[in-house]
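Engineer: Sequence:
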Amino acid sequence: MSSLKIINSDQFTEKNVSNFIPRTETELDSIRETVTEIINEVKDNGDNALVRLTKKYDNVELNTSEIRVTNQEIEKAYDLIDQDLLDALKTAKQNLIKFHGAQLKKDWFIKIAKGVRAGQIYRPLENVGIYIPGGRAYLAARRHGQLGQDDVLRSRIQLQPGTLEPGCLEDGR
Numbered sequence: 001m002s003s004l005k006i007i008n009s010d011q012f013t014e015k016n017v018s019n020f021i022p023r024t025e026t027e028l029d030s031i032r033e034t035v036t037e038i039i040n041e042v043k044d045n046g047d048n049a050l051v052r053l054t055k056k057y058d059n060v061e062l063n064t065s066e067i068r069v070t071n072q073e074i075e076k077a078y079d080l081i082d083q084d085l086l087d088a089l090k091t092a093k094q095n096l097i098k099f100h101g102a103q104l105k106k107d108w109f110i111k112i113a114k115g116v117r118a119g120q121i122y123r124p125l126e127n128v129g130i131y132i133p134g135g136r137a138y139l140a141a142r143r144h145g146q147l148g149q150d151d152v153l154r155s156r157i158q159l160q161p162g163t164l165e166p167g168c169l170e171d172g173r
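Under my numbering, the first residue of the sequence shown is numbered 1, with each subsequent residue one higher.
The set of hints was computed from the structure by calculation and includes no laboratory data. Nothing here was measured: the structure is a model prediction, and the numbers come from that model. Warning: the hint list may mix true and false statements.
[To be verified] Think about it this way: if two alpha-carbon atoms lie no more than 20 Å apart in a straight line, the pair counts; the simulated SDA-like pairs of lysine to any residue are:
1) 55 with 34
2) 56 with 71
3) 56 with 70
4) 90 with 79
5) 5 with 20
[Unchecked claim] Using C-beta positions, here's what the derived DEER-type ranges look like:
6) 106 with 64: 33 to 43 Å
7) 52 with 113: 30 to 40 Å
8) 49 with 104: 31 to 41 Å
9) 101 with 57: 30 to 40 Å
10) 39 with 126: 30 to 40 Å
11) 40 with 83: 39 to 49 Å
12) 115 with 85: 29 to 39 Å
13) 16 with 63: 41 to 51 Å
14) 30 with 105: 29 to 39 Å
15) 59 with 119: 43 to 53 Å
16) 44 with 93: 31 to 41 Å
Backbone N, C-alpha and C fix where the C-beta goes; we use that ideal spot for every residue, glycine too.
Go ahead and model the full structure; you've got the sequences and the hints to work with.
Structural biologist: Written out as structure tokens, the structure reads:
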């Protein structure tokens, strides 16, 4: 496993930030274009697009019945995951919940004129799809945010056909 390079934010300056994040605006435009194409294809073609794109980007062949991670696969992940990693992921989850909980917006209203009120109401999303990244490393932060656990669809990414990364499924129970 590769080590994580820690960079203090006080090291950043306008002149050297590209040394830490070496992407030009042109590269970012290209990335945005690719991501937009992927999103549109999935909107238009659903699971069939997911199967095609998984083959294209991850070189893994799936069929549409293999996209949703089953409860049995999540339970098996708990049997396979290293206990130290599981403990670290649980700690990260609690830290992220606490941090993002402080960012939650509150509904508010103001009186504009007699009989006229304006404001904002915040409502959680009812359904969310999560693409769980594959590869040798994954970011737990991608899985822990302001979302509840009630109706989250987890899609699989296989390192090899028939395998799943247990750490990506750790919070699936």
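Engineer: Run every hint past the structure and note whether it holds.
Structural biologist: We went through each hint and held it up to the structure:
| no. | hint | in the structure |
| --- | --- | --- |
| 1 | 55 with 34 | holds (16 Å) |
| 2 | 56 with 71 | violated (27 Å) |
| 3 | 56 with 70 | violated (24 Å) |
| 4 | 90 with 79 | holds (15 Å) |
| 5 | 5 with 20 | holds (10 Å) |
| 6 | 106 with 64: 33 to 43 Å | holds (41 Å) |
| 7 | 52 with 113: 30 to 40 Å | violated (54 Å) |
| 8 | 49 with 104: 31 to 41 Å | holds (33 Å) |
| 9 | 101 with 57: 30 to 40 Å | holds (33 Å) |
| 10 | 39 with 126: 30 to 40 Å | violated (19 Å) |
| 11 | 40 with 83: 39 to 49 Å | holds (42 Å) |
| 12 | 115 with 85: 29 to 39 Å | violated (58 Å) |
| 13 | 16 with 63: 41 to 51 Å | holds (48 Å) |
| 14 | 30 with 105: 29 to 39 Å | holds (33 Å) |
| 15 | 59 with 119: 43 to 53 Å | holds (49 Å) |
| 16 | 44 with 93: 31 to 41 Å | holds (34 Å) |
Hints 2, 3, 7, 10, 12 from the list above are not met by this structure, while the remaining hints are.
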